[in-house]
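> Build out the structure end to end from the sequences listed, making use of the hints.
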Amino acid sequence: QQQVKQSPQSLIVQKGGISIINCAYENTAFDYFPWYQQFPGKGPALLIAIRPDVSEKKEGRFTISFNKSAKQFSLHIMDSQPGDSATYFCAARSWEGAQKLVFGQGTRLTINP
Amino acid sequence: EAEVAQSPRYKITEKSQAVAFWCDPISGHATLYWYRQILGQGPELLVQFQDESVVDDSQLPKDRFSAERLKGVDSTLKIQPAELGDSAMYLCASSLVPGTTYNEQFFGPGTRLTVL
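Protein chains in written order, with my numbering: chain D, 28 to 140; chain P, 384 to 499.
Hints in this document: simulated from the structure, not taken from any laboratory. All residues carry an ideal CB built from backbone N, CA and C; glycine is no exception. Careful: at least some of the hints might be erroneous.
To be verified - Partial list, computed: chain P residues near chain D (C-beta under 10 Å):
1. Val387
2. Gln420
3. Gly425
4. Leu428
5. Asp439
6. Ser470
7. Ala471
8. Leu474
9. Gly491
10. Arg495
Now the structure itself:
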């Protein structure tokens with residue numbers, strides 16, 4: 028059962044442009060929403076995360092926008108650089124039970140120079 | 384900088400053979416996770432340990448997969464017998480204690496398994 032839906036599957040952006048990746052969820056018990064960045068042959072690394080009590084979090088060129096009523100959140104990468112080319116995963120964690128992370132399907136981002 | 388260690392990095396095996404993966408979490412991290420990542424998909428949790436105890440193995444195919452963390456530190460994931468559909472990246476992650484603020488999971492580099 029897919030609990031976090033991510034789109035698009037792939038994205039090509041010109042250098043200096045804005046990259047936007049979207050995720051949606053159904054489980055209202057989710058209370059923590061991280062984004063992970065993964066380069067080929069490497070494990071995912073935490074990029075930025077947000078809790079549902081805020082609508083936006085910004086760290087450098089990376090911003091998460093969170094819409095609790097719509098159960099959607101998105102990652103914005105400003106001034107996208109070739110070094111940002113990677114696969115990005117959104118995830119969500121429930122406060123119930125073992126509090127495991129559920130990942131989206133991933134977005135393969137390519138920044139053209 | 385502390386990292387999650389995994390070995391081997393790559394493993395090629397024939398179907399019906401047994402394989403084992405090893406993970407050493409970041410020192411002091413009580414929680415350890417094993418994920419399976421099929422090419423082109425997000426990681427899927429197989430098993431989660433709190434110290435030496437399993438707290439979630441609902442997605443672990445228990446007829447062929449087993450995992451242990453005997454002393455609450457390093458961990459081994461075993462597949463016996465391996466099937467063609469087991470070809471994937473096996474990721475280990477660790478975190479401090481569930482319920483702490485953000486409780487960031489740190490991932491290792493993974494073991495790429497190919498079953499022929």
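> Decide, hint by hint, whether the structure agrees.
Going through the hints against the structure:
1. Taking 10 Å as the C-beta contact cut-off toward chain D, the hint placing Val387/P at the interface holds, the least distance being around 7 Å.
2. The criterion of a C-beta within 10 Å of any C-beta in chain D is met by Gln420/P, whose closest approach is roughly 9 Å, and the hint holds.
3. Nearest Cβ of chain D to the Cβ of Gly425/P: about 3 Å, under the 10 Å cut. The hint holds.
4. Given the 10 Å rule on beta carbons, the hint for Leu428/P holds: about 5 Å separates it from the nearest Cβ of chain D.
5. Against a cut-off of 10 Å between C-beta atoms, the interface hint on Asp439/P holds, since the closest Cβ of chain D lies about 4 Å away.
6. Hint on Ser470/P is violated. Least Cβ distance to chain D is approximately 16 Å, over the 10 Å limit.
7. With 10 Å as the threshold, the beta carbon of Ala471/P stays out of range of chain D, its nearest partner Cβ sitting at about 13 Å, so the hint is violated.
8. Interface restraint check for Leu474/P: the shortest CB-CB distance to chain D comes to about 5 Å, inside 10 Å, so the restraint holds.
9. Taking 10 Å as the C-beta contact cut-off toward chain D, the hint placing Gly491/P at the interface holds, the least distance being around 5 Å.
10. With a least beta-carbon distance of about 8 Å to chain D, the hint placing Arg495/P at the interface is held under the 10 Å criterion.
Against the hints set out earlier in the document, violations occur for numbers 6, 7.
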